[in-house]
Every structure is written in structure tokens, then in C-alpha cells.
Amino acid sequence: MSADVSDLSLVRRVQRGDKGAFDALVLKYQHKLVKLVMRYVRNPAEAEDIAQEAFIKAYRALPQFRGDSAFYTWLYRIAINTAKNAVVSRDRSPIEYDLDRHHSDESYDLQGRMKDSETPEGLVLTDEIRTTVNAAIDALPEDLRTAIVLRELEGLSYEEIAAAMDCPVGTVRSRIFRAREAIDRRLREVFEGGLGRAEELG
Amino acid sequence: MNEELDSQLSAMFDDELPTAECELLARRLSRDEQLKARWGRYAVVGAVIRAERGVRLNAPLAGRISAVLLAEPSLESIPTAALRRPGMRWWQPLAASGLAAGVAAVSVLWLRTQAPVSAPVTAQLAPASGLHVGALLPARAAGSAQGDSYVVPPTPQIVPVVVPSTELANYVVAHSMFSSPVARRNLLSAFMTSEPAAAPPEEAQSDAKKAAR
Numbered sequence: 000m001s002a003d004v005s006d007l008s009l010v011r012r013v014q015r016g017d018k019g020a021f022d023a024l025v026l027k028y029q030h031k032l033v034k035l036v037m038r039y040v041r042n043p044a045e046a047e048d049i050a051q052e053a054f055i056k057a058y059r060a061l062p063q064f065r066g067d068s069a070f071y072t073w074l075y076r077i078a079i080n081t082a083k084n085a086v087v088s089r090d091r092s093p094i095e096y097d098l099d100r101h102h103s104d105e106s107y108d109l110q111g112r113m114k115d116s117e118t119p120e121g122l123v124l125t126d127e128i129r130t131t132v133n134a135a136i137d138a139l140p141e142d143l144r145t146a147i148v149l150r151e152l153e154g155l156s157y158e159e160i161a162a163a164m165d166c167p168v169g170t171v172r173s174r175i176f177r178a179r180e181a182i183d184r185r186l187r188e189v190f191e192g193g194l195g196r197a198e199e200l201g
Numbered sequence: 000m001n002e003e004l005d006s007q008l009s010a011m012f013d014d015e016l017p018t019a020e021c022e023l024l025a026r027r028l029s030r031d032e033q034l035k036a037r038w039g040r041y042a043v044v045g046a047v048i049r050a051e052r053g054v055r056l057n058a059p060l061a062g063r064i065s066a067v068l069l070a071e072p073s074l075e076s077i078p079t080a081a082l083r084r085p086g087m088r089w090w091q092p093l094a095a096s097g098l099a100a101g102v103a104a105v106s107v108l109w110l111r112t113q114a115p116v117s118a119p120v121t122a123q124l125a126p127a128s129g130l131h132v133g134a135l136l137p138a139r140a141a142g143s144a145q146g147d148s149y150v151v152p153p154t155p156q157i158v159p160v161v162v163p164s165t166e167l168a169n170y171v172v173a174h175s176m177f178s179s180p181v182a183r184r185n186l187l188s189a190f191m192t193s194e195p196a197a198a199p200p201e202e203a204q205s206d207a208k209k210a211a212r
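Just so you know, the sequences run in chain order A and B.
Number 133 in numbering that gives the first Met the number 0 belongs to position 134 of the first sequence; there are no gaps in the numbering.
Number 23 in numbering that gives the first Met the number 0 belongs to position 24 of the second sequence; there are no gaps in the numbering.
Pulled out of the complex, with its shape left as it was, chain A reads as follows:
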């Protein structure tokens, strides 16, 4: 299986004028991009603004994207340049993170300070989502949990997971799908309830 096939299918659709396909790319990479930009700016809301700008720049530059590199690699470069330009123009120094280092107490404090600018209901909902997903993962059968964690945390391909778990690739695909379905059932309730609560608060 060649890498980036699904992204490329969506990219080709956008290049043919289908804006809806770009929504799918945004949904897939928005969290990764915000996390990436937060290496350069302190404020999550500002990171979201920069990520938004990077996505829009990417959309406008998409006609020049020929698929020589993976879509996310290309998007990553745009986001980094956008973040650097934002930092320069606002005369702020970037925050250096060591991504390979485990979270220390200090970094947790920093993360806590980052959240200060968020709205209270947004924070509650984010925490609720996190708690729900973690609880759903804990409740999964061992084989489903291992498969989804190897995929999402370690970034292994289905073939590599099949080798690690000593089972066929089709079984890996099924396990990951069932794990996602189980988590999604719980998550859907939070999203629907969260949105309702946000309306009440508004």
C-alpha cells in the first residue's frame, strides 16, 4: 500500500474544484497542526489562528501541489513558515520544546497556563472529551486496545501491527475499526451533549 493515497485522493478532488474534500483534510490534520504551531506561540487561540491561516494558504497553493511529497509534509512546511512569520511580525520569541522529552511538571504547568485564554465551557468540553476517550480505550478488549494504540500512538502501518500481533492484516483493519467504533459511540454522546450545553451557556 502506497502511503498518502487517501490524502492524495482528497487533494485531487479539491484540485478539481471540490471544496468539501478540503474540509476532510482540515478535520484530519487540524489538531496536529495546532500542536505543531504551539511550538512557536504561547496562546492556543493564536495557534488556531495561525493554523487557520496555514490551511487557507495551503488551499490557495494546492494547484501547485503535484504530490511529490506527502500532503502532510507539504502542509507542515507551510504551517512552520506561517508560524515563523507570525512570530517575527509580532516580535515574539518562539518557545522551544523538546518533543522527545516526556512531560515534566514544568511543562504541565506551562500547558495549564496556555489554557487560561480558553473559554470555560470550551475547557470543560475538551476535558470531558479526553476523559471519555480514555475511559472508552480502557474499556476496550486487549486486542482492540493494542491495535488502536499501536496505530495512533506508534504510527505503525497495518502490516507492521499484523507482524507485531501475529495476525492477518485484515484482522488488524477490523480490530482498529471496532476500537474506533466503540470509542466513537461514547464520544458522539459527549459531542452532542457538549454542543447542547454550549448553546444553553450561550
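Just so you know, the hints here were simulated from the structure itself, not pulled from any lab data.
Here the structure is a predicted model, which means the values were calculated and not measured.
Ideal placement from N, C-alpha and C gives every residue a C-beta, glycine not left out.
You can trust all of the hints, since none of them are fake.
In silico lysine-lysine, BS3-like type, Cα no more than 25 Å apart, as pairs: (1) K34/A to K35/B; (2) K18/A to K35/B; (3) K18/A to K56/A; (4) K56/A to K35/B.
Derived list of chain B stretches under chain A, where covered just means 3 residues or more per stretch with a C-beta under 8 Å from a C-beta of chain A: (5) 12-23; (6) 27-41.
Chain A is fixed; fit chain B onto it per the hints.
Quick look at chain B alone, frame taken from chain A:
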């Protein structure tokens, strides 16, 4: 929702779906809001597992981007001139044409310098041709050296005098786009006036044959 479809969506999210299925599902994904919402939740699950702290999982980023893009023109409607490769410059086609014209001019000059000395060259080529044939057919060459009529007939001696002019004329006609009409006409008329000069030997030969009869 169809379980098979959801299974495909999960595999597509991981870049593990065959290309043909990806194309079909991408089309559906771009139009089906329910499927898109599920796709977005798969991304949230990944973000939580990777413990992406500081990231708002319910951020309205996708909605904001979608709203901005509504005002953007569709990429399909952007004219192809705007998509031209940035390396292409206005002077490149002119330079290519100039280079082609230069090569053509050098070729014409080279052919003209070759034409006057063609007779001696032909004289040198004749034995070489004989050697070549002899090398290809050693038995026949050794057995009947005198009887071989295919070696070099006497008439071709005058042919090379004509051939360069013909080639040159053909060349000038074929590359007429690179020369001015006046220069082309002068060149061709020069060829035509030079043709009769080559003709007398042929006429003389035919007269000699008639006399022999």
C-alpha cells in the same frame, strides 16, 4: 450507517485503503456531512491517544476555514495560466528559437563549404566502398573480383556533385521558416543556375553511347 462503509472510512483514515476504493470514498466523504463528522471524531480519538495537550478538541477551526473558503474561488475555475510552472520565463521561447536559427545557419554554411570539394571526396570514397563490400562478401570478392558489377558503377562519379546541391536545396526549403524570403530565393536560384553545369557530362556520356552504337 453501513458497517462496511465505516470500516472503509477507518482504513482510509489510516492510508490503508486501496486507491480505487479511496477515490470513491473521497467523493462520498466530501459530500456526506455525517461521514465527515465521523472522520473528524476519528481525528479527535487520535489526538487524545497521542495526548496532544493544549489542543482544543472541540475547536471550531474546521468550520471557520470552511466559511472562509466559501468566499474563495473554486480551484477548478482558476485559469491554467496561473498554474504555469514558476521556472518558465518569457525569454525562454525566444532563446529556443534563436538557438534553432543558429544551428540552421551553421548547417547551411557547413554544407556550402562541403559542396566544392565533393568531387575529390567521391574519388576517395569509391575505393572505400569497394573495401566495405569486399569485407561483407569475402568469398565472392576473392573469386570474381572483375565480374562484380555492384561495386561502384562509373556513373555515380558525377552524382555527388549534384547531390549536395539537391540536399542543400531541400534543406533550405525545409527550414524556410528560419530564412528571409529574399535570401531563400537567391540561394535557390543559385542552385538552379549551378545545375546545368553538372549536366554536360551526362549528355556527353549519352552522346558517346549513341556514337558507339
